[in-house]
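Novice: Now for the letters of each chain:
There are 2 protein chains.
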Amino acid sequence: MRFKLLSAGLILALGAGFTLTAHSQARPEAMVKQRQAAMTLQAKYLGPLGAMAQGKMAFNADLVARNAGYLNVLDRMAWDGFDASTKDVKSRALPAIWTDAAGFKAEQEKFQNAVSDLVAASKTGDEGKIKAAIGAVGKTCGSCHDNFREKQ
Amino acid sequence: MRFKLLSAGLILALGAGFTLTAHSQARPEAMVKQRQAAMTLQAKYLGPLGAMAQGKMAFNADLVARNAGYLNVLDRMAWDGFDASTKDVKSRALPAIWTDAAGFKAEQEKFQNAVSDLVAASKTGDEGKIKAAIGAVGKTCGSCHDNFREKQ
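Residue numbers (this note's numbering), protein chains in the order written: chain A, 1 to 152; chain B, 1001 to 1152.
In isolation and in its complexed conformation, chain A is listed as follows (with noise of 0.2 Å):
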């Protein structure tokens, strides 16, 4: 009973979002939301460590190890948002992700595996290596958006 009322309240801090169906599927249009939040994120913590890669911005050894251990997280959770209930809805999601699932699941890979050499550079302390693998994590996302994601 008190998980009962705990519960209750959680679902309503955490507002409409969170729909109950099978297997906890949320609705198109909040799963649009939640894979646009992880892509959000994502550039959150990379666009800094592009500006470093470009000497536009301090290289910052610490902040490069720390959004590089949240990218290794975040990395993991846009993915299953590309349901393919979520076609109809308004965004920039190209028919691709769907007609090239192999393809699709192969970008994100090649990115999971740049992050996580982004993560094993961030902790040899070596400028250059480092600013590669920054270099790296953003060829794969350059990749992946020119092959699925609509030009704006």
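These are computed hints drawn from the structure, not numbers from a lab.
Note that the Cβ used here is the ideal one computed from N, Cα and C, for glycine as well.
Be aware that one or more of the hints could be misleading.
Heads up, incomplete: computed chain A residues facing chain B, CB under 8 Å, no partners named [to be verified]:
#, residue
1, 32
2, 33
3, 34
4, 37
5, 38
6, 40
7, 44
8, 77
9, 94
10, 98
Quick list of simulated restraints, FRET-style, between CB atoms [to be verified]:
#, chain 1, residue 1, chain 2, residue 2, range
11, A, 90, B, 1059, 33 to 39 Å
12, B, 1113, A, 83, 29 to 35 Å
13, A, 117, B, 1124, 33 to 39 Å
14, A, 60, B, 1113, 23 to 29 Å
We have chain A already, so just place chain B on it with the hints.
Specialist: Quick look at chain B alone, frame taken from chain A:
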């Protein structure tokens, strides 16, 4: 030069959300979007746990452990987005966030501590303990929202 090119592509890939200024602060609108993204993902990964605690979804210890780990990183991501420069951006953030900064900070810490407790509980395999820890996290969400988020 190679970094420069890669990073220009990176910044392009990331879109307009990230703008470089002193301390690499984003624009107020971007900061609001980023902090809301963190809240959206917290809801994504806490929602199913709330449903489990409430008995609306089958208890799944592996899912709890995974989501607790995600939350343990996500729970650090929203707070720098509540910069004073965002006061005038439309959102549900109440002025108390800035007039009672210590109280707001205390709520963040209560939440982070409750998530840490949930991570620890999720390793015990004790369903009752885990459900209690889920409820405790939900309580901290509600308590912060009560005081610092506009009612809908």
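Novice: The structure should be examined with respect to each hint, and the outcome stated for every one.
Specialist: Each hint, compared with the structure:
1. 32: Since chain B brings no Cβ nearer than about 11 Å to residue 32 of chain A, farther than 8 Å, the hint is violated.
2. 33: holds, 6 Å
3. 34: holds, 5 Å
4. 37: Hint holds; residue 37 of chain A Cβ to chain B Cβ min 4 Å, cut 8 Å.
5. 38: holds, 6 Å
6. 40: holds, 4 Å
7. 44: Holds, about 5 Å.
8. 77: With Cβ-Cβ at 6 Å, under 8 Å, it holds.
9. 94: violated, 15 Å
10. 98: Violated. Min distance 21 Å.
11. A/90 with B/1059: 33 to 39 Å: holds, 36 Å
12. B/1113 with A/83: 29 to 35 Å: holds, 34 Å
13. A/117 with B/1124: 33 to 39 Å: holds, 34 Å
14. A/60 with B/1113: 23 to 29 Å: Cβ of residue 60 of chain A to Cβ of residue 1113 of chain B: about 28 Å, so the range 23 to 29 Å holds.
Checked against the numbered hints listed earlier, the structure breaks hints 1, 9 and 10; every other hint is satisfied.
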